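Line by line, the protein sequences are chains L and U.
The first sequence lines up with residues 0 to 421 when you count with numbering that gives the first Met the number 0.
The second sequence lines up with residues 0 to 302 when you count with numbering that gives the first Met the number 0.
There's no promise every hint is true.
Straight-line distance between alpha carbons at most 27 Å, and here's what the computed BS3-like set of lysine-lysine pairs gives [said to hold, decoys possible]:
1. Lys274/U / Lys220/L
2. Lys304/L / Lys95/U
3. Lys296/U / Lys91/U
4. Lys95/U / Lys296/U
5. Lys91/U / Lys10/L
6. Lys10/L / Lys87/U
Computed Cβ-Cβ distance ranges for the label pairs, DEER-style [unchecked claim]:
7. Tyr387/L / Ile124/U: 18 to 28 Å
8. Ile287/U / Leu218/L: 25 to 35 Å
9. Gly121/U / Tyr257/L: 44 to 54 Å
10. Leu377/L / Phe137/U: 50 to 60 Å
11. Val144/U / Ile169/L: 57 to 67 Å
12. Ile272/L / Asp184/U: 46 to 56 Å
13. Phe3/U / Ile61/L: 54 to 64 Å
Which stretches of chain U does chain L cover? Using the computed rule of at least three CB atoms under 8 Å from a CB of chain L, they are [as the list claims (entries may be wrong)]:
14. 47-58
15. 121-127
Just so you know, the hints here were simulated from the structure itself, not pulled from any lab data.
On a predicted model such as this, the values are computed, not experimentally measured, just so you know.
Where is the CB? At the ideal position from N, CA and C, for every residue including glycine.
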Amino acid sequence: MDKNFLQSSLKDSLFTGLIALALFGPIVGLRTVAVNEALVVQPKWLVVALIVAFCAVGRFFINIYTFKKDQRRGEPSSFGKAISNFLDTKGSQIALGAVIFSIIFPFLPFADRYWMDIAIMMMTYIMLGWGLNIVIGLAGLLDLGYVAFYAVGAYSYALFAIHFGWSFWICLPLAGLFAGMFGILLGFPVLRLRGDYLAIVTLAFGEMIRILLLNWYELTKGPDGLTGIPRPSFFGLPFKRYPDEGVETFHTFFGLEYSPMQRIIFLYYLILILALITNFFTIKIRRLPVGRAWEALREDEIACKSLGVNPRNTKLTAFAVGAMFGGFAGSFFATRQAFISPESFTFIESAIIVAIVVLGGMGSQTGVVLSTIFLIGLIEVFRDFESYRMVAFGGAMVLIMVFRPKGILAKRKPTITMVKEK
Amino acid sequence: MEYFLQQLINGLTLGSVYGLIAIGYTMVYGIIGMINFAHGDIFMVGAFVALISFILFALTAIALPVILILVLLISMVFTACYGWTVEKLAYKPLRKSFRLAPLISALGMSIVLQNYVQAAQGARIKTLQPVIQGGFNFFEESEFVVTLSYLQIFIVLVTIVLMAIFTLLITRTALGRAQRACEQDRTMTALMGINVDRTISMTFIIGSSLASVAGMMFVMYYGVIDFYIGFLAGIKAFTAAVLGGIGSIPGAMLGGLLIGLIEVFWSGYISIEYKDIAAFTTLVIVLIFFPTGFLGKPDIEKV
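Next comes chain U alone, as it looks inside the complex:
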């Protein structure tokens, strides 16, 4: 029971991270119908920016809460630039091309980003000293002590706050309306006087900044990153997006939590070596048997 509770806490924390990445996949898929394969690497870039800022701020005497907010903002801004540039360079010229062209271009972009970060930052793993320490302990008299660390609380809280802001953005603002309109019919939206290019750019900017937050949490939670983390995290987050129903934003969050739980319980109860197999198996099963996900719209084939 205690073990189960601990896994549940870990799973929810991990799930928040995946959920934040999954939003980027689902939004881009919703608006231009492509799988942004480089999104996982954008997340990795975000993690690196956060790591570098943490190291720089550690030299100053700024209070921890301020540092956290600053790092959050810095990694969001810089990573958003990456998302924006990637879209402009690799996807925008291909919007009218055949369906697999953007996917291949995204694959190339993913290779570029990974190896560029490897070249610039070195191939060795980077470790970060724990930023937030301590936590609550439960069941201290039993054999297995359940820990809920402050860091985990922080991660879940930030995710909830960001989700709330983000939901407001999508449902209440002009930008959100424009986005939803673009999802339905891009040509018609353009005729209504909405700048479709800018809306798509904004989608990438928002998706990348959320991914960078996920990256920051990842580096704080695990304390170890390298240039390759984006690949697996990207696949898992994509699975989350499909599981929740691709194109649906609440679905992405739900899917993220589920994937986090599946991964943690699998490695806790079944096999830690085959931990990544769990994610891939889930992906395959979901795509084959359940391609619309929980909250997705069925894909209608038109002649």
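Chain L with its partners taken away, still in its complex shape:
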């Protein structure tokens, strides 16, 4: 380590400290607080000093250890490669193990109410991730408004169930169908747009639907939301402690003691089955002509056009199928919560689902599961620090894009290729 090197590292870390001071000085150091309806500034220089020192020292160490090292970014690291290889070779066993684990999960000793709630939430996100994976991972269309279909599914389920009193099993396919139709409706005009424009347009659609839900008071009750959405029943047997006269309930039918956990476990299995259906569908459709066309379109649109693949219709099917699964997940969400409001369908939800798909590695089904566990776990761990957890979340998105732009499990290669992989 020669002297010049140390000197330049020091200079560089001082500069970093200066930049950090400029960044955090005003925003962190001068907190505005309302006192008697007037804003005053509360200095917090200690925090700033700590952050600046941390940045400068951190930069210094980074400089010393990796200064001007020839870094190859984008290549999966050896660790990631090892995981990928391991999953490729042992993939089916691991998947089987994971499925078995999720089936016995509710009966594990530590699986109390809290764990079940988290598990149900994760399953919902896994299902949404798998649904969006069809759009982003297979067809390569960045959809930033996926939550719109989730909302359409939830609201159509709730409205059907409240106004017509239809059961969950009738409303669920209807909600999916409705969301799928919405996907076609929205997709039809926009799918010829280029990738980044498409992303922005879908974002706009997502927000438009939310604003519509907020303001169409007669139908959606606006910000008050819809309450009293019927809970699902086990093939007609409701989960109630005190059922209406003459109605047999789940626990009396099976001769069990009543426990609120029964309903939770039922919901868990419901979402597990829905998610597995989504996964199974995706795995199968990848081998059908339409699935092949999606992947081909993602790789090279012009080549596809010249080979006679109709890009718009192909993309439209991907969009509609993805939307349909979003709708299914939405109706599950509605029936679980028994209350929905536009609050649950903000842009940040879309961003979370996109992050799940992208970070997992676009197109990788296992990646979706891993990144859901990672991201939702992250959000859950930071539960008490509302805004820090989203900072961590956004930061994770940036970091993974920078260091592993293809996601944790980089599996972008098409299912079949002409040239043999080396």
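Dock chain U against the given chain L, drawing on the hints supplied.
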């Protein structure tokens, strides 16, 4: 008629703000071909820096014009640091990556900035006492008095001055030439001995400082900000950039004015609840039917 005139004045003021933000989008798009999704949040940071400086200067006895200039400079400098850092951290490593990677990274950056400001400054809305008061009244004898406030004049004037300086910068200086060269062919520009990285950094610095000016005007005009203003303002400014023709700087200003007018007239004549729908609808319509905008170059697909 009076009502219309009032809306026109309001629309032009709002349009100036959007136009200044839109320049950042259009410049970045022109030079590296990505949508800088975090730009709206840079604008929000600028608004916060301006708010904090206004509060600090209110305690001193400096004359108002000096305060205005100081706040302008301070928010430009500090916000430019944000733009520079965001580019270095989140976009530069991704320049050779696949096309959607920078967009996703920008999305992450936008979430980071929003929540970081929320954590540092609190989630509640911040109000600023009016800095410039008073104005001219027209048609005082009619039912509807049209007001042109000094603040509105100030906003439009500053925008015009900045635009003039900025146009000179792009058309007359070496930096501007380098920027235009980078837009056309980055590799070739690098071979001509131009530091492409520095040019791109400068683009972000300029874009962020203009956004911070917009932020300062926003906080003066509305008097209320929170950590979330960047999202909607960013979308509207992006619409403006596309409407004017993305990549074209006069187009961004023109688009900004149009978006401001559309928004104000929509909420004035049609529906105030659906005011944001107007912006989104414009965005969708423009992108679908008119993706090159007024002054943009058509996008040619190459094999």
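Now for the hints, and whether the structure bears them out:
1. Lys274/U / Lys220/L: Given pair Lys274/U, Lys220/L holds - Cα atoms ~19 Å apart, limit 27 Å.
2. Lys304/L / Lys95/U: With Cα atoms ~26 Å apart, Lys304/L and Lys95/U stay inside 27 Å; holds.
3. Lys296/U / Lys91/U: Since the Cα atoms of Lys296/U and Lys91/U sit roughly 25 Å apart, the hinted pair holds (cutoff 27 Å).
4. Lys95/U / Lys296/U: Holds, at about 23 Å.
5. Lys91/U / Lys10/L: holds, 21 Å
6. Lys10/L / Lys87/U: At roughly 18 Å apart (the allowed maximum being 27 Å), Lys87/U and Lys10/L satisfy the hint.
7. Tyr387/L / Ile124/U: 18 to 28 Å: Hint holds: Cβ distance 21 Å, inside 18 to 28 Å.
8. Ile287/U / Leu218/L: 25 to 35 Å: holds, 27 Å
9. Gly121/U / Tyr257/L: 44 to 54 Å: holds, 45 Å
10. Leu377/L / Phe137/U: 50 to 60 Å: 57 Å Cβ-Cβ, so the 50 to 60 Å window holds.
11. Val144/U / Ile169/L: 57 to 67 Å: The hinted range 57 to 67 Å holds for Val144/U and Ile169/L, with Cβ atoms some 59 Å apart.
12. Ile272/L / Asp184/U: 46 to 56 Å: holds, 54 Å
13. Phe3/U / Ile61/L: 54 to 64 Å: holds, 59 Å
14. 47-58: holds (count 7)
15. 121-127: It holds, with 6 qualifying residues against the three required.
Of the numbered hints stated above, none is contradicted by the structure.
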